[in-house]
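Engineer: Hey, can you work out the whole structure from these sequences and the hints?
Residue numbers are given in this note's numbering: position 183 of the sequence shown equals residue 1027, and the series is strictly consecutive.
Treat the hints with care, as some may be off.
Claimed, not checked - The list that follows gives simulated cross-link-like pairs (lysine-lysine, PhoX-like), each with its CA atoms no further than 25 Å apart: (1) K1037 x K879; (2) K848 x K1101; (3) K963 x K1105; (4) K1059 x K983; (5) K998 x K983; (6) K1065 x K982.
Said to hold, decoys possible - Computed beta-carbon distance windows for the label pairs: (7) E1005 x T912: 34 to 40 Å; (8) E1056 x P897: 18 to 24 Å; (9) G896 x G981: 24 to 30 Å; (10) K1105 x L1009: 29 to 35 Å; (11) P1024 x Y1078: 36 to 42 Å.
In case anyone wonders, no lab produced these hints; they're calculated from the structure.
Where is the CB? At the ideal position from N, CA and C, for every residue including glycine.
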Amino acid sequence: MELKKLHSTDNDIFVGFAESRIGGRPENQDSYGFKETRLGFLLTVCDGMGGGPGGKTASSIAVQEIITGIDEANDDEEVSNIIIKAVRRANMAILEAGNENSVLKGMGSTATVLLLSDKSAFLAHVGDSRIYQIRGGKKVFRTFDHSMVFELVKQKVITEEQARLSAQSNVITRALGMQPDLEVDVVEVPYLKGDRFVLCSDGIHGSMPEKELLKMVANKKTALGAVIDDIATYVDNMGRSNGGGHDNLTLAIVETKINSKLRITMSKQIKYAFVILAVVCAISLVGNIWQATSSGPSESVPTDSTELHAKQDTIKRQAAEIVNLKHSVDSLTKH
845 MELKKLHSTD NDIFVGFAES RIGGRPENQD SYGFKETRLG FLLTVCDGMG
895 GGPGGKTASS IAVQEIITGI DEANDDEEVS NIIIKAVRRA NMAILEAGNE
945 NSVLKGMGST ATVLLLSDKS AFLAHVGDSR IYQIRGGKKV FRTFDHSMVF
995 ELVKQKVITE EQARLSAQSN VITRALGMQP DLEVDVVEVP YLKGDRFVLC
1045 SDGIHGSMPE KELLKMVANK KTALGAVIDD IATYVDNMGR SNGGGHDNLT
1095 LAIVETKINS KLRITMSKQI KYAFVILAVV CAISLVGNIW QATSSGPSES
1145 VPTDSTELHA KQDTIKRQAA EIVNLKHSVD SLTKH
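Structural biologist: Structure below.
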């Protein structure tokens, strides 16, 4: 599937592209889809599992049912619940299709969901396909794989890199189509202008160390569409050079063009740092005012106009710094 631009009726919020390739497999069992909904722009990437036609069927069902479920949802319901219900709807549709056709029995799919509005971004996932939120070349959020090896990572038995290279890296513990009861991880996050949300199947994130992947997806010297195409080509070529047979690969990146209305919450440590800095500035300000307006027996107020103006400028600058610090704290902590 060729590189595709992700269209939205509101082009002021984001720019985005997606690409899916067959890799070294007989069939591409990855699927993705997107749509502008009343709740915001919806993007989903799903990686199918199952022999024969099962994998592609499962991921296609997942994409369609997730989009339909969110698009037809009641506006009065909590957004997180809407997303959970849509993913569970897809889960039941896959199970029902498998029960109706023995050839499809046992098929399943991972799911990643991004629902982006000017208010915030909702991120949901099931399985080992991932969502990243990248800011300034660093990840500020990442989903945690529902897989056997990542359970060992959580227990600090192995490292993430060891998990990536493990022969059991594709054994997942949660997926659509496994059982009727499905737990869906959902989180709402704020974002800043220039943040990148990355949705990808394990054919992308499993092909290289995370540090290398983050460096590639954070590249802003190249146009966003070209970044995605370059990564897909790099992974494809790497798979071929290693003998072929490599996994399907799907990558979608959305870059925000505004700050979300939901503000970033500062940690206690950062808040304390702001307070301490403000206190230091205030003390320095008071000291400079005292020196500029008082004189002792052995000192006098500066008569040189240049020196006096310099002190006045210092006082004004420090006062402005305190005001700016207060505004920074208010804007970052306000919801």
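Engineer: Are the hints correct? Go through all of them and say.
Structural biologist: Hints, one by one, checked against the model:
1. K1037 x K879: Roughly 21 Å between the alpha carbons, so the hint for K1037 and K879 holds.
2. K848 x K1101: holds, 19 Å
3. K963 x K1105: holds, 5 Å
4. K1059 x K983: holds, 10 Å
5. K998 x K983: holds, 18 Å
6. K1065 x K982: With Cα atoms ~16 Å apart, K1065 and K982 stay inside 25 Å; holds.
7. E1005 x T912: 34 to 40 Å: holds, 38 Å
8. E1056 x P897: 18 to 24 Å: This hint is violated: roughly 34 Å between Cβ atoms.
9. G896 x G981: 24 to 30 Å: violated, 42 Å
10. K1105 x L1009: 29 to 35 Å: violated, 41 Å
11. P1024 x Y1078: 36 to 42 Å: holds, 40 Å
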